[in-house]
Structures are given as structure tokens and as C-alpha cells.
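The primary structure of each chain is shown beneath.
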Amino acid sequence: MNMDNSVNYSQQQLALNQMFKDINPALSARQAGIESSRCYYCYDAPCIKACPSKINIPSFIASIHADDLTGAAKTIYKENIMGGSCARVCPTEILCEQACVRNKEEEKAPVKIGLLQRHATDNAEFEGHPFARAASTGKKIAVVGAGPAGLSCAHRLSLLGNDVEVFEAEDKAGGLNEYGIAKYKLTENFAQKEVDFILSIGGISVHYETALGRDITLDKLKADFDAVFLSIGLQDTSSLYLDNEDNEMVINSVDYIKELRQATDLEQLTVPKDSAVVIGAGNTAIDIACQLKRLGTEEVTLVYRRGEEQMSATKHEQQIAKNHQVRIKTWSQPESIDVDDNGKVTGMSFRKTYLEDGKLKGGDVQFDVACSAIFKAVGQKMAYPDTEQLIPTISNGKIATFHNQLTSIDGVFAGGDCTGVGQDLTVEAVQQGKLAAIAINEQLNVSTTTPLQTALSA
Amino acid sequence: MADLSIDFVGIKSPNPFWLASAPPTDKAYNVERAYEAGWGGVVWKTLGEDPAAVNVSSRYSALYDHNGDVSGFNNIELITDRSLEINLREITEVKKRWPDRALVVSLMMPCEEQVWKRILKLVEATGADGVELNFGCPHGMPERGMGAAVGQVPEYVEMVTRWCKQHSKMPVIVKLTPNITDVRLPARAAKSGGADAVSLINTINSITGIDLDAMSARPMVDGKSTHGGYCGPAVKPIALSMTSEIARDPETAGLPISGIGGIGNWKDAAEFIALGAGSVQVCTAAMIYGFNIVQEMKEGLSNWMDSKGYENINDFKGLAVPNTTDWKKLNMNYKVVATIDEDKCIGCGRCYQACEDTSHQAITVTSNDDGTNTFGIIDDNCVGCNLCEITCPVDDCITMDERSTGQPYMNWMEDVRNPHREEA
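For the protein sequence lines, the chains are A and B, in the order given. Numbering follows the working numbering, in which position 127 of the first sequence is assigned residue number 1266; successive positions increment by one, without gaps. Numbering follows the working numbering, in which position 317 of the second sequence is assigned residue number 342; successive positions increment by one, without gaps.
It is worth saying that the hints were derived from the structure and are not from the lab. Please note: incorrect hints may appear among the correct ones.
[To be verified] Below 25 Å or equal to it, Euclidean Cα-Cα: the simulated DSS-like pairs (lysine-lysine) are: (1) K1188/A / K369/B; (2) K1247/A / K369/B; (3) K1243/A / K142/B; (4) K369/B / K353/B.
When you get a sec, could you build the whole thing from the sequences and use the hints?
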């Protein structure tokens, strides 16, 4: 990918970029050379098995070591066209790097696979796009949502010779990469550069500000296209069910992060100066807490009703929060949002909790945390547009998928966070989009299909 | 505390670590820094006839290992590029200031007796402890009929050595070139000529790599290159082998050897001594890390000797020579089989991949429910080649264990499978 930054940032934007510098800086060429030599080039490598997108990790690392960054990046992109962002946002500590056999050695230090992947994708140079499209199949597929799943699906479909139209509700593509990832993980305009890179394969047109249920319907897409891929993500957030939750300083973290990521000037943001409370225990909770600290909030307290062990944020993420001096209070559940006579948030009250026979119980101890803003990060939900006539089967609040990401509707596939598969990781979304694309292509082009390997080696 | 001092062909040195004739011993300034750091001796960079040699700019190149460390080193530098007068004056001064250290002078002259006679008298006057005849330099000088051009012709080696012994009372060490088919021949010639010792190896003809943009080898002199002399850790196995050849050869057995080639730490040095070397010479390691490395070398050798109960260098000198033999004398009834320690195994599968692809299909792989693999040895298929042990990144995880065959020692000359066996 071309990492040149041709964008002319304003002074205000440069100040923001400075505030949100890369939390995990890139390796130098020398560091990458040494790190790549640590890979054992395992037989039946466990890292590949642990990678949701099945990147041939030992192969790309061997290419890095042999100074073939082009080959390394191609190996990555073959399986994961968003290898650049995955290198930055993947929780490698629970994926490839957790599986690395070097964890079992005395030094217990896995190969830094994520950083090596970033080294390859950041520094490889291609004349145009690395892959050429297969001969046209004449088929046309609709992709709803231009997040990681949708982009991955569109790219793979195009690669295999199909034409793709992507319908995106927002005015930019990228999904959570553009709007939801912590600003210190995907810095500056990386998300858009990656989108440009993916679309440079050709054969993909994107319709922006075009939302399902408002501007298009599944019914119509089914009629106009040979197949449909739904990757609409999650639109709604969970609630605390407390009084005063509608106060303007009780904020949905995902909304705030979206504003922050799109801000061009610090002035556009409401930053609590003295103190904020974050409710939640997932990566979004960590992300908002750390970003508030970077924005200058003096005291940030992250409160969770269970213990550290139960937090869905990984240990690595928890450490990031600690490194940002975020105070983490566990075993405490919110009881009330405290507001003064002028309607200003003044704090939050909590009750200590404990487990009894596996059930969470409220204890006798109560305490208050003073704060001027409360950030909710207690989970996101899918809100399938209620104006739609044709709705795939929803199971546990998400679109049910069957073999190869097929939904209950023939010709309609789905992937990404709107489905119930996996842990809502970017890399899983990419894989689901890819698998759906391959299935769609095979289904539509039984006799004419270009074998996948042929397409990739073109 | 072990006694590290040596008496090598009458040359006394507080320890066996000498700097080889090379850039580090080019002049008084370097040599005195080396002595200050603790080196037992130096072989002064080769002197030649005036006018002194002239060097090109861009002289060294290297081969790097996976970590970016130098594993092999290549140079196209010639012998000293300073006048004979300056060198001789400095040698005299340095020897006077450092009487307890060994100072050997390396020489390279045209094959004319009078020339050698003249230089030997000059060197003798400096008070130097001995001379080393540079019959090995593989680059530049052979084009002028010197260096390896002499070392590759045993008759010349013998002739020049004899002149040196006739015209000097100093010990004469003959430095051998490895760029030859059988190193025993020049070693025998040196001995016949009366040499007190041989030193080996000099550098090996080398091109460390090609710059694929410039399409030229390195080091590059205005877009062109030439082969150089190779040294450093990569050449140690070749040097050890040649050392053992001379130590084992009945015609040269007992001829003192100064071991050279890839010595960078005490272990390397101990290995050369175990193969019969009475002193060792170092160059590349000093050029990469500086002179202070001799501290760890001395300390390490001394500690190891203490742990083994060796009181001085002679106590273990040559102990590995009798165990270095001909293939035909190896025991055909000896058997080792690989064993994998499952507790230590990290599951990388390198042993399996290597054995399955390139060896004897003696390793099994079993998939576990958690996605990992377990590897095992098929004893009957294992030929004891050591490949799995070599590929295994974990210390002592794969070991080659001896299995009793119940058969007595029998070598290939006695083996019924040998159609050319010597009938009893």
C-alpha cells in the first residue's frame, strides 16, 4: 500500500494527530529483519490455524527475511485484503501470537507477527493493484455496507471477475475502521488509504449515504442483482436503564469515537476536563477511556460490575488502559446517575458486587464517583431496519447464517458484526466477506468460474 | 587459576591469544593498544620490499547471519602499505616496551635468496621473537608471484623455508594457504625445509555476494570488484579440519601449529588447541568487536580449564587428535536413535518437516484436539543422522541416544558389506 501522506493537514488536525500518535509504532527495517529471523517456519504452523483469515504467516515472514516485501504483502493480501488494518487492530495476543510456538520457550516471547505484517503491508510497493481481475463473469452483486466484511467481499468478488455495487449508509467507506477504531490504533487517514487501495482493483462502485430500509430495500436488490451480501454492522447501543440516562453528558462511546475520528479540530469535541466515568468492560470501553485521557480528561474511571478476568477486553487492552493511567474499578454496578439542580451530571453511584453460586449479587457497600460526563460502552446491537419487507432470519439479535455465510434467504449472504459468528473482530469480518464472495462466485459461475488460485497468481 | 602462558617454539607469551597478521597489527599504535588490552602476542602485518604496496579504497565486505551479525569477512587489502624503515623502527620500539609479549613479524618477499637473507637480518635486529612466512595471501599478491602463489607449490615452500632457517636464528613459522587441495603437502614441505611451526589457515578465495543492482561483487572499487580473502566464523570448520589433517599426518605429527580461522571466543580457541594448536591467532573478531574481547577469551578459557582440572595449555593440547580419524575406522556397529522429549517440545514440527522431506521418514505427527501436533520417532526408520536434532530450536529436546547393538567394534575394512574389505 502506498503510505505516502499527500494530505495537507491543517494546524488543528496536526495537533489532533499529535495527540493520537500510533500506540504501537512500526518496526524499522533492521528491527523487522531481526524479528523475522525469529520465525521457526513451523510445519502445520499454529499461527495460520489461529488466524481467522488464514494468512500464510511463516511464508510472509520468510519473504520479509529475504527482503521480498512485495512477496510478503502479496501473501498477506491473498487471504486478507485488509492486512494493513488487521496488522494494527487485531488482538494478536489472542490470535496468531498466542499460538506462536515461541511462547512455549523460556523467554515466552512470540514472534511479533502483527508488526511484521504491518512492516510488509506498509512498505511493499506495487505498480497499481497487486492482483488483476479474472475475466468478466457478467454477474453483478450488491454489497450492503462498506465496512471490513463488505469491502473484503466486494474485493474478492471483483477479483473473481464479478461486478460489484456497494451501498454505504455513511459518506465514507471503511465501517468501524473509519468510524469506530481507537484513533491511536488506526492513525491519521489510514482507513481511507486502505479503502482506496482495495477499490483500486476496479469493478467496484460505491453508493454513499445510501442506507438499507431508507434508500434501498433488500427486495429490490434481490431483483436487480445476481446475489446480495449484507454487512450492515451494528447500529444500536445497549442501555443502562437508569434515570437521567438521556442527559447530554451521558454519552454513547461509539458515537463519541465516531465524532473524534472525524474531527478536524479539538474545538469540535466536548471534552470533560476534570473527570469522566466509563461503564463497560470491552475494547470499546478501553478505547474511549484511553482516548479521553489523551484528550486531556484528568481522571478517567472505568467501572465494571464483574472482575478483570471476566472483562472481554484482553489483558493486553487492559494494560493499555493502565498505561494511560485509567483507573479501573471492578465488582461495582451502577445504581444512579447523579445530576444537580441545573441538570448537570455530578457523578455516579455504585454498589459493590460479588458472585454467589455463579450469580452476580449486589453487596452492602455503596460508593460515589464524581464526574462531569459518563461514557457508556456496554455493548452494541443490531437494529435491522423495520421498514423492510424482506428480512432474513434473526437469531439472538443478529442475522443467522448457515454454510458459507448464506442467510435464510436464497441468494442473500451476510457477514461481519451483523451476524452472530465469532467475536466481532475486524479480521473475522474480512474472512466472512471473503468466504461469502467465494461461495457466491461458485454458485453463480458454476461452469465459467476462474479457479481461485489462478486469479490470485495472475 | 589455570596457567594460560605458552612457550610456542621458544616464543614465550603470557597467554595463547595472538592477533594475526592483518590490519589490527599494522602499526605500533594498534599493537600497543592490543597489548594494553591483554593480548599475549601479535604477528605484525606482513612486511614486503620497498616501495610499499598501495591499497585501493573500499577493501572489505561481509556475509551476515540471520541476526545481522558478521559470519564471514572478506578483504582485498594487500600487505603493509608503509615503508620497511617505518615498520622496522616501530617493531624495535614496541618490542622494547613490551618484552613479555610475543612479537612475530610476518614477511612476504620475492623468491630470491638474497632478498630473504637481507630482510631476515633486518628483522633480527629489531629484537622480534620470530618470523612468519606469508605463503597464503590469496588476493593481489599472487598476481605478483608471492603469497599463495608460493604456498600452492610445495617445492617453493620448502626452498624459502630453508633459506630462512639458514639465514636466521629466529623461529620460523610457515603460514599455509587453504586454497589448495591437500594442505598436508605444503605442511610436509615446510617441515622438510626446517620450519619450526606452521600456522593456518590464511584466508580463502571468496566473493561474499553480488550487488544485484550494480551487478558487481563487493567490495566495489569504481563499479568493479575482485575476489578477496575470506575469514571469520564461517571458515572455522575448514580451519579445524585442515589443522586436524596436519596434526594427524604421521609425516607432520608433532609439528607445532598456530591455529587461525574464525576464532572469536575461548571455546573456538580451546577447539583449535584440542586439535593440536599451541597458540591461536585472531583477526576478524577483533576487527568487529575491538581488542577488549581478549578479556572474555582469557577469562573463559581459564574458567573452563579450572572446571576440567587442566592446569596449563599443554594439559589438553591435542587431546581431540586421536579421536579424529578416517571414516573407514569408524565403528559400523554403533547406533544412535533420536528421542523427542515431549515435555520440552514446543510443537514447531521442524524435525518432522525435515525428516519427511529430506531424510528417512522416521518421525510421526499426531494431531491433537487443541490444534497442536505431537511428534514421535519411528525407531526402525531412524538412521541416527542428527538432522532432527539440528533443526530443533529447543535445547536438549531432541537427543541422539545410544542403542546397544550387542555387537563389538567393527570398522568398514572388516565389514562383510564392504566388497573391498581386507580379509583377515
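Which of the numbered hints are not met once you compare them with the structure shown? 3, 4
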